[in-house]
Every structure is written in C-alpha cells, then in structure tokens.
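Chain by chain, the residues run as shown.
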Amino acid sequence: MKVYAGNFLKDVVAKLLDDGYRVYAPVKEKNYHVFKAVENADEVDFDYINTKKSPKDVTFPENEVLIKYGEWVEEIPAQADKTAIVGIRPCDIQGLRLMDRVFLEDITDPYYEAKRKNLLVVGYACNEAGDYCFCTSVGLSPFKSNYADIIVTDLGDKQVVEIQSEKGEVVASKFNLSDASDEDISRKKELEQKVLSSFVRSVNTENLKERMAEVFNSDYWKEVAENCVSCGTCTYLCPTCFCFDIFDDGELKGVRIRAWDSCQFPLHTLESSSHNPRREKWQRLRNRFYDKFYYMLVRKGEFYCVGCGRCIAGCPVGIDIAEVINNIPSEVKQ
Amino acid sequence: MNSETLEKIKEECRKLPDDVSYIVGFVKKQGEPREVLKVLKPDEIDRLSYSPLSFNNPARIVMDLMKTDGKIAVIAKGCDARALKQLEKEEKIERNRLYIIGISCPGVIDYRKFRNAVKFRLPEIESVELVGDEVIVKANGEEQRIPFSEVIFENCLYCEQPTPKDYDVLIGEPREGKLDFSDIEEFEKLDREERWSYWMDVFSKCIRCHACRQVCPLCYCEECLVDPSNLAVSPMTPAEEKAAYPRVLGKTVSASDNMVYHLIRVLHHAGRCAGCGECERACPMELPLLKLERKLKKVVYEVFNYSPDEEIPFLSKLDILPEG
Numbered sequence: 001m002k003v004y005a006g007n008f009l010k011d012v013v014a015k016l017l018d019d020g021y022r023v024y025a026p027v028k029e030k031n032y033h034v035f036k037a038v039e040n041a042d043e044v045d046f047d048y049i050n051t052k053k054s055p056k057d058v059t060f061p062e063n064e065v066l067i068k069y070g071e072w073v074e075e076i077p078a079q080a081d082k083t084a085i086v087g088i089r090p091c092d093i094q095g096l097r098l099m100d101r102v103f104l105e106d107i108t109d110p111y112y113e114a115k116r117k118n119l120l121v122v123g124y125a126c127n128e129a130g131d132y133c134f135c136t137s138v139g140l141s142p143f144k145s146n147y148a149d150i151i152v153t154d155l156g157d158k159q160v161v162e163i164q165s166e167k168g169e170v171v172a173s174k175f176n177l178s179d180a181s182d183e184d185i186s187r188k189k190e191l192e193q194k195v196l197s198s199f200v201r202s203v204n205t206e207n208l209k210e211r212m213a214e215v216f217n218s219d220y221w222k223e224v225a226e227n228c229v230s231c232g233t234c235t236y237l238c239p240t241c242f243c244f245d246i247f248d249d250g251e252l253k254g255v256r257i258r259a260w261d262s263c264q265f266p267l268h269t270l271e272s273s274s275h276n277p278r279r280e281k282w283q284r285l286r287n288r289f290y291d292k293f294y295y296m297l298v299r300k301g302e303f304y305c306v307g308c309g310r311c312i313a314g315c316p317v318g319i320d321i322a323e324v325i326n327n328i329p330s331e332v333k334q
Numbered sequence: 001m002n003s004e005t006l007e008k009i010k011e012e013c014r015k016l017p018d019d020v021s022y023i024v025g026f027v028k029k030q031g032e033p034r035e036v037l038k039v040l041k042p043d044e045i046d047r048l049s050y051s052p053l054s055f056n057n058p059a060r061i062v063m064d065l066m067k068t069d070g071k072i073a074v075i076a077k078g079c080d081a082r083a084l085k086q087l088e089k090e091e092k093i094e095r096n097r098l099y100i101i102g103i104s105c106p107g108v109i110d111y112r113k114f115r116n117a118v119k120f121r122l123p124e125i126e127s128v129e130l131v132g133d134e135v136i137v138k139a140n141g142e143e144q145r146i147p148f149s150e151v152i153f154e155n156c157l158y159c160e161q162p163t164p165k166d167y168d169v170l171i172g173e174p175r176e177g178k179l180d181f182s183d184i185e186e187f188e189k190l191d192r193e194e195r196w197s198y199w200m201d202v203f204s205k206c207i208r209c210h211a212c213r214q215v216c217p218l219c220y221c222e223e224c225l226v227d228p229s230n231l232a233v234s235p236m237t238p239a240e241e242k243a244a245y246p247r248v249l250g251k252t253v254s255a256s257d258n259m260v261y262h263l264i265r266v267l268h269h270a271g272r273c274a275g276c277g278e279c280e281r282a283c284p285m286e287l288p289l290l291k292l293e294r295k296l297k298k299v300v301y302e303v304f305n306y307s308p309d310e311e312i313p314f315l316s317k318l319d320i321l322p323e324g
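Chains A and B, in that order, are what the protein sequence lines are. With the working numbering, letter number 184 in the first sequence gets 184, and the count goes up by one each step, no holes. With the working numbering, letter number 123 in the second sequence gets 123, and the count goes up by one each step, no holes.
Quick caveat, the hints were computed from the structure, so don't treat them as lab data. Be careful, since some hints might not be right.
As the list claims (entries may be wrong) - Computed cross-link-like contacts, DSBU-like style, restricted to lysine-lysine with a CA-CA straight-line distance of at most 30 Å: (1) Lys295/B with Lys178/B; (2) Lys281/A with Lys28/B; (3) Lys29/B with Lys188/A; (4) Lys281/A with Lys29/B.
Said to hold, decoys possible - These stretches of chain A come out as covered by chain B in the derived footprint (C-beta under 8 Å, 3 or more residues): (5) 52 to 66; (6) 91 to 100; (7) 171 to 185; (8) 256 to 263; (9) 293 to 305; (10) 311 to 318.
These figures come from a predicted structure and were not determined experimentally. From the three backbone atoms N, C-alpha and C, an ideal C-beta is built for every residue, glycine too.
Assemble the whole structure, with the sequences as input and the hints as a guide.
Here you go:
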C-alpha cells in the first residue's frame, strides 16, 4: 500500500494526457457529474458521490459504427486508442466487470474487446454513501475492487494508492509514492468504517433466487408497474444493461450502427410476425428486475445489479428497485 | 398546511359517489419524503398522502383507467386538471366517468433542488410542510426551514391557472395565476448564434431514453415517428414492404438528430401542453425542455390568441379563423 502526498487522481489525469491517453474522468455539469473525455486535468472534479450516467459508454458507446457500406462493404477495424478511466467508483468497476462477462465470455465481441484491452482503470474509493446507494447489499465494497488497475482512497491531505496490476504498476512507477505508514492505514480503516455507517438503504437478498422463482406469475408485478411509463431511463443509466439494436443508416450508402436499446420499449421484443412476447408494460418491467436478480444470476452466477441507485434517482415516477425487491410477497397472490 | 389539505382530501374521498371504483391519488414513497401516484380502491383512503412533493401528473393514469369500467376519482392540481381537460377535448377521457377533487395549488417543490437544500438524509425525513412561504422539514426531532422560493419548481412561477378550472369539488381557496412569458422573453434577447449554441449544447446531452415523451400525458400516440420501423407489421407483411417503411429518425444520438426528436415532440404539443412540467422533471439529464414548450405556447398565444384552457381544441380553432 502506497501513499501520494497530494491529489494522485488529478496528477494521474495530467500524466496520462501527456502520455497520449484518451482520459475519461468526472466533470461537473450544471448540477451533476458525468464521465467525459477531458483535454486538461483542470476540467476534472473529483468532489462527487457518483456520476449521473454510468461510464459504461467508454467501452460500449450509445452509438457505434460497425461497418460502412456503399458500392462495397468496408469493415471498420475494431481498434481503440490507449484509454484510461480515472475516478471510477467501485460499483461502476463491478459494472465494467459484469459487462466484460457479457461481451468477452463465450462469444467475444471484437469492438468491445479492442476498447477493453486498451483501457486502464483507476478506481476511487467512496468517502460517503449517497441516499440511493446500496452496493453493500449486493456483496460489494464501497472502497475495494480487485478489478481496478489502481484504486485510490482520499484521506484529505494525501491519497492512498493501491496498485493491483502490472498495467497499474507501469503508471504508478512514474509517481513519487512512499510506503503507507501505520497511521495512514489506520486512517484509511477509520474512513472505511465511516463510509459503511453512512449507508441508509439496503436490499434483502436472502434466498432471493428462490423467492423470485416463486412469484413470477404474481399480480405483484402488475402493481409495481402501475406507474411505469415504459421509458428507457433505468436501463440507459444502468451500468450493467447491455441490450443493443443494430440498424443500417442510409440506403445505398451508409453505416451500420449498433445503438443502445431498452427492454422497457415495446418494440424491443416485437417480432417480425407481429407477435410480442412482452406486450404489456408490467411484463417488461418485471423482466428488468428478473434480469438483474434472477436470469443473470442463473446464467453467470452473480447479481447484475451493482447497487449504484441510479435507476432509483432517475425514475420519473419513483419506481425503486430496492423497494420492489424488498417487498416481493412471500406468498403468491394470484 | 398540507396536512390540512390531506385531511380534506380524505374527507372528500369518504363522501365519493358509490359508483366510483378507483381513486387516483398520491401515497408516500417508502423511505423518502416524496409522494408517488397510486391507484387506490375506495376502501384504501387511509393510504392517501399529499404534500408539495406530490408533483406527478395523474392524467396519464386516468387515461389508462378509461379502459376499465366504473368511475374514477382523481386528485388534481391546476396543471393536472388542464391535462385532463385537454384529454377530454381529444376524446381520450370521458368527463362523466371522472370525479375531480381539485386542489388549489401553491406550486410544487423541485425534488432536485430540495435534495440539495435539505441537510437530512432522505429516509430520516418525517414530514415536509409548506407553511406560508417556508418549507418546514422535520427529521430526528430537528427542524429545517427552507424558503419556498429556493426550492419551488420553476415552472410553477409561470402558472396561469393554479386552481383547476374544472372540478367536482375544490380544496383550498382559489388562487390567481397570471400569463407570464418573462423567462422566454429574456431568452429571446439572445442572438441567433447564442441560441443555436445553447440548444446544441442541450441536445448533445440528450441520451434519448424517451422519458420526456413517455411521461407526457399528451404524448399518447401508440406509434411514434421517432421509433424505428414502428408501423404495424403482420405475419403477412412481405419483407420488401417492411424494408421500405419510412424511418424518420433512428436511434442515433447526435445533437442534430436529438434536436429533430425534440422539435417533432414539442411541435405536436402546440396548443395542447398543460404545462405540468413532467417532461423536464423526468429528464435524467436535467435538460430545460420546458423552455421549448413555453416558447411554443407563447407563439400559439400571440399568433392565434389561443390558450389550452379554451373549450375547443386548438386545431379546430384554426379552421374557424377568418381568412387573411
């Protein structure tokens, strides 16, 4: 465990920009923060709990050109520049890990793979939990993630720097780091205790798989969806929602684009026979909760919810994933 | 003040005609001070809640419930009633199946501003009351007073009809509104380039989640111009025909395509927008969508002298305009 006397995150942004990296870091918009490709370390602001949108678009952009066509089809080579994401929170690092499992396990997506291979991840341990945060309920830690190349904890006057990969080592070696003292370590532990005690929200995940298997046909889902407007906010803000659509833009000449799609849109499941297996909005909303806490648990062995709370903060009608999961009826009402 | 309003709402709900099957009202969200919309049965009156954080518009749910049988009672603020009126004019709602419990509305709180202003964590908050021009927040045996003007939803400042025009019973003393486009007039002073760069910046942030469209009670089209190949297909539709369907706008999210989306959306609200502000509240990227709606409203008012409160729809009024 190392320490850096100063703002390591900011200095690493400057260093990486100098080294020709494309750097994504949190930038303050009017009332919120978002990850943006920055040109200067001064644009960055690390005083935030979590960003409005998840940084999933770094490796999985909302629109991505797959091929160009005209008289001939011209394939776009899957390649990416050296890219870094600096200041990403542990929940979003888990989001990245879960996306990796979708795009790189079994069938490898070349476009995603190229971006991912060239990505350096500098994580940022949380200093406090937001009102909608519940990562501790889904088995995550707000200050640890083995999946980052480097993870930084801010102690105010200095930052603790944990190097977790060779890639991280290469970058960290360019900085003047000293070994963490016993005092630094105890200060870090103290901060972690403070962070843990700042959580105000939790999800009951006990026997969740069994509970969800039982209530699939319950009227509960209709009640939950009463208010739902079938927009894509929850899925577009979610760090682990990966559905996309592919379409051609241009008739004789144009591009084939991959674009985010949402299971909440009725057209998402409309088949060309005109049959729609999820015609009703309650079926679509139910799908989202099953996807996060059941289907992916069966397929990949883990929850596809990282507890960032963005879907709760963003929902226009106040649908709250934590509340929905906690209130799952214990007996099936038909 | 709102606890008083709530008591009156409950009282009126207990007196509802026997043929009312549903009450569309607000219930408190678990773990937070705000209210959410809920369809209640007449025997669930005790679950009702109401505060300046009851900001959603119930008109969309009322329209959904028209598919069922029975009468519907609805708790409606001035803007909500305006949306209901518009849907009635467009024959989406049968007025005789509706029982409107009107609320004379002092304005609602902007939840984003509220969350910034309040010093408590959300689950700790026990009550949020509007008393005079102060919002009193109680939590942990403590009290925080926030000036209402600091947290009011900006659009409410320009509300021309805070008291519903049409209701079966009204709660609270009628309030005067006024037609005020001062915010839009201020914006119009910017020159063309400034306005262009302002909107391009706004539209570049749009993620096209379509929350603004979905949440709007007046955006009820089943097929929308901006959805890809959304025209009805049947098992008999040949592939060539499907391929030839027009696509106005794909899922491309460039600032210019997003602009087309928003302009199409807003133009369809000409003379119809109730000004409830659901679009702007719903926008996860906090884009100033009401500026567009209000500009259009101003045009409709100035050019056609039409206000959505009139009894006839805007388009039918265009038919009876004198020539020239």
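Each hint, compared with the structure:
1. The suggested pairing of Lys295/B with Lys178/B holds, with an alpha-carbon distance near 16 Å, which does not exceed 30 Å.
2. The hinted pair formed by Lys281/A and Lys28/B meets the criterion: a straight-line CA distance of about 23 Å does not exceed 30 Å.
3. The hinted pair formed by Lys29/B and Lys188/A fails the criterion: a straight-line CA distance of about 36 Å is larger than 30 Å.
4. Only pairs whose Cα atoms come within 30 Å are accepted, and Lys281/A paired with Lys29/B is accepted, the gap being roughly 21 Å.
5. A stretch counts as covered by a chain when three or more of its residues have a beta carbon under 8 Å from one of that chain; for the region 52 to 66 of chain A and chain B the count is 4, and the coverage holds.
6. Under a criterion of three residues with beta carbons nearer than 8 Å to beta carbons of chain B, the stated coverage of the region 91 to 100 of chain A fails, only 0 such residues being counted.
7. Here the region 171 to 185 of chain A counts 0 residues with a CB under 8 Å from a CB of chain B, which misses the bar of 3, and the coverage is violated.
8. Check result for the region 256 to 263 of chain A against chain B: holds, 5 residues qualifying (beta carbon to beta carbon below 8 Å, three or more required).
9. Coverage of the region 293 to 305 of chain A by chain B is violated. Counting CB-CB distances below 8 Å, 0 residues qualify, and the rule asks for three or more.
10. With 4 residues bearing a CB less than 8 Å from a CB of chain B, the region 311 to 318 of chain A meets the requirement of three and the coverage assertion stands.
Against the hints set out earlier in the document, violations occur for numbers 3, 6, 7, 9.
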